[in-house]
Amino acid sequence: MKLLHVIANGFKNCNDSFEIDFVSKSKKTAEDKEYELQEIADDLHVYNTMAFIGKNASGKTTAVELLDACYSILSDFRLDGKPYSYENVELCIDFYHDGFIYRYETILKNADSIASKAIFMKQRLRKKKYYKSKTKDLYHDEDFVDVEITGELPEDTSILFFVLKKKETRAVYFDSFGNGADTYRLIFATLKDYHIRPVLLVKVISIFDENIHDLQMLDDHNFKLSFCNETKTVSDKELIYMLSSGTTKGMLLYILMAASLQQGFDLIIDEIENHFHKTLVENMISLYKDKTVNRNNATLIFTTHYCELLDLFNRQDNIYIAKSNDKVYLTNMYDGFNIRSELLKSRQFYNNVFQTAVNYDELMQLKKELKVWKNS
Amino acid sequence: MEKLLIMCEGPNEKEIIKILLENDLLKFTEDDLLGLTPYHARQIKSSGQVKTELNIYPGQVRILRIGDKQSDKLVIPSEYKDKILSVDKYCTKPELEMLFILAENLEQDFEKLKSSMKAKTFAKEYIYLGKRNYDNSTAFYTEYFGANPKLLVDCIKKYHKHNGSHNKDEHYLDELLK
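Protein chains in written order, with my numbering: chain A, 2 to 377; chain B, 15 to 192.
Treat each hint with caution, since some may be false.
Claimed, not checked - For lysine-lysine, the following DSS-like pairs were computed, each having C-alpha atoms within a straight-line distance of at most 30 angstroms:
no., chain 1, residue 1, chain 2, residue 2
1, B, K41, A, K292
2, A, K34, B, K107
3, B, K164, A, K292
4, A, K135, A, K166
Stated by the list, open to error - Quick list of simulated restraints, FRET-style, between CB atoms:
no., chain 1, residue 1, chain 2, residue 2, range
5, B, N147, A, N326, 55 to 65 angstroms
6, A, D194, B, P163, 34 to 44 angstroms
7, A, D194, B, P91, 38 to 48 angstroms
8, A, F101, B, R146, 27 to 37 angstroms
9, B, D86, A, D157, 54 to 64 angstroms
10, B, L88, A, K26, 29 to 39 angstroms
11, B, I90, A, F178, 40 to 50 angstroms
12, B, P163, A, K26, 38 to 48 angstroms
13, A, K29, B, E157, 23 to 33 angstroms
These are computed hints drawn from the structure, not numbers from a lab. Since the structure is predicted, the reported quantities are computational estimates derived from the model, not experimental observations. No residue lacks a Cβ here, since even glycine has one placed at the ideal position from N, Cα and C.
Make a model of the complete structure from these sequences and hints.
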């Protein structure tokens with residue numbers, strides 16, 4: 002199963018027909034096929050990496066939250082515990098599975114007043130056989146035929162269950178808040194759930210902190226730490242004071258990345274540059290583009306303010322620019338702008354080609370105010 | 015310590031290097047390579063992956079370009095000038111398909127036709143694997159040489175003897191062999 006395309010109406014403060022597409026649109030060079038794209042079916046290419054960029058409060062996080070919601074439905078057939086209302090959100094999700102393109106449509110409702118979970122209304126599931134010759138009409142609505150649904154499910158369970166059948170991680174969402182002291186337990190749970198060898202944790206730890214030689218879990222809250230040639234038992238709360246927050250977050254994120262690459266599920270990271278050093282971010286991007294490592298078609302999806310990262314992207318169609326006026330909207334860099342491919346993308350951002358620059362006048366207004374303070 | 019950055023002109027050159035690396039037939043191993051792998055990249059500026067790996071590595075690199083003629087000059091972007099110690103090109107002229115032609119001992123037949131026929135076209139017509147004609151695919155290289163890396167080494171050596179007229183700045187692939 003691979004998610005191809007999402008259209009949402011009424012999701013948070015997004016504009017209508019809020020659309021994200023994972024299928025390549027522009028010309029595919031041989032080098033792109035090697036590093037930028039993955040071929041999930043004959044001549045059906047989706048991205049190894051996808052980026053959302055924009056200034057603060059432009060809606061980047063909202064875009065990845067929408068993807069997280071779609072993946073939750075595709076993974077667990079349910080949607081719950083999200084920090085927003087589901088009321089009247091219309092979703093149209095296209096995905097590839099076993100030789101077919103599926104189109105799933107539904108309208109969400111809050112199951113209760115605290116919006117803890119969603120119920121699925123007006124569900125419709127259709128499919129069409131994938132043919133290489135019809136890649137241009139991939140989303141053409143009239144070709145889809147209804148999938149016959151014979152059973153019944155609770156209203157908080159999506160009918161996607163009848164096609165995908167098994168709960169499975171399709172993506173993990175790593176938000177910008179972190180999990181505090183619980184991070185260490187999550188690290189070991191990830192190692193266990195995805196059968197990752199403990200030696201990988203040791204390798205990850207040494208990237209972040211050369212003084213730590215080993216970390217083992219004794220129980221949910223206590224750990225054995227080998228630190229500067231000394232081994233001691235520490236609680237998770239002690240550990241979070243001993244290790245930097247970057248190390249703690251980075252360890253979990255790198256372990257999740259390893260699981261994603263090994264299992265082939267997607268990894269969604271909000272504000273990738275917030276978590277650690279630029280070199281580590283570049284390393285992550287490079288690993289998703291290397292087919293000797295990313296053997297199972299995992300995709301790295303991230304938001305960033307850091308436009309220099311986009312200079313490492315050979316394509317434009319896997320970059321979305323988020324902007325907001327009264328509503329949040331996305332523009333695909335390839336579809337929405339006429340940028341010569343040889344120009345540095347970061348330079349275009351600084352030249353404000355995408356109208357994403359921080360408002361200079363506002364900055365100067367603040368500076369003026371600060372100058373007045375000094376004089377008075 | 016310096017690393018080697020291997021930039022292959024196409025996926026087929028990359029496959030040749032991969033087979034040689036996997037069978038430990040080169041003077042260097044994967045550990046000596048930038049990013050532990052050879053790259054399919056003609057130019058640095060147009061390869062996000064090569065730029066990323068150069069950004070990650072704090073040391074210096076020597077570039078080995080692998081291709082046929084490689085008449086286009088490698089442009090080193092200014093931000094990487096201090097990182098790159100040298101650039102050397104390793105050629106298989108006129109085209110990589112010469113390796114198949116030599117493997118099948120068809121070099122004299124090709125000599126007769128080479129003024130009117132490209133090595134690639136000749137290979138498509140006369141090189142087989144079982145019943146399958148050469149089709150310029152990477153899979154063909156994998157199947158043809160992957161199971162028989164010794165044949166690949168022999169062909170690379172034979173190429174040097176067959177074509178001893180490289181220009182001064184054009185190295186032979188056999189210089190990279192153990």
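For each hint, the structure was consulted:
The suggested pairing of K41(B) with K292(A) holds, with an alpha-carbon distance near 24 angstroms, which does not exceed 30 angstroms. Simply put, K34(A) and K107(B) have alpha-carbon atoms about 26 angstroms apart, close enough for the 30 angstroms limit, and the pair holds. With a C-alpha separation of about 26 angstroms, the suggested pair K164(B) and K292(A) falls inside the 30 angstroms cut-off, and the hint holds. A distance of roughly 27 angstroms separates the Cα atoms of K135(A) and K166(A); the hinted pair therefore holds under the 30 angstroms criterion.
Remark: the range hint 55 to 65 angstroms for N147(B) to N326(A) is upheld by a beta-carbon distance near 59 angstroms. A hinted range of 34 to 44 angstroms for the beta carbons of D194(A) and P163(B) is consistent with their spacing of about 40 angstroms. Separation of D194(A) from P91(B) is about 43 angstroms and conforms to the stated range, judged on CB atoms against 38 to 48 angstroms. Range check, F101(A) to R146(B): about 31 angstroms between beta-carbon atoms, so the 27 to 37 angstroms window is met.
At about 60 angstroms, the CB distance of D86(B) to D157(A) agrees with the hint of 54 to 64 angstroms. Taking 29 to 39 angstroms as the suggested C-beta distance range, the pair L88(B) and K26(A) conforms, at roughly 30 angstroms. Checking the proposed 40 to 50 angstroms range against I90(B) and F178(A) shows it holds: the Cβ atoms sit about 42 angstroms from each other. Between P163(B) and K26(A) the beta carbon distance is about 40 angstroms. The supplied range of 38 to 48 angstroms therefore holds.
Between K29(A) and E157(B) the Cβ separation comes to about 24 angstroms, which falls inside the hinted range of 23 to 33 angstroms.
Violated hints: none; the structure is consistent with every hint.
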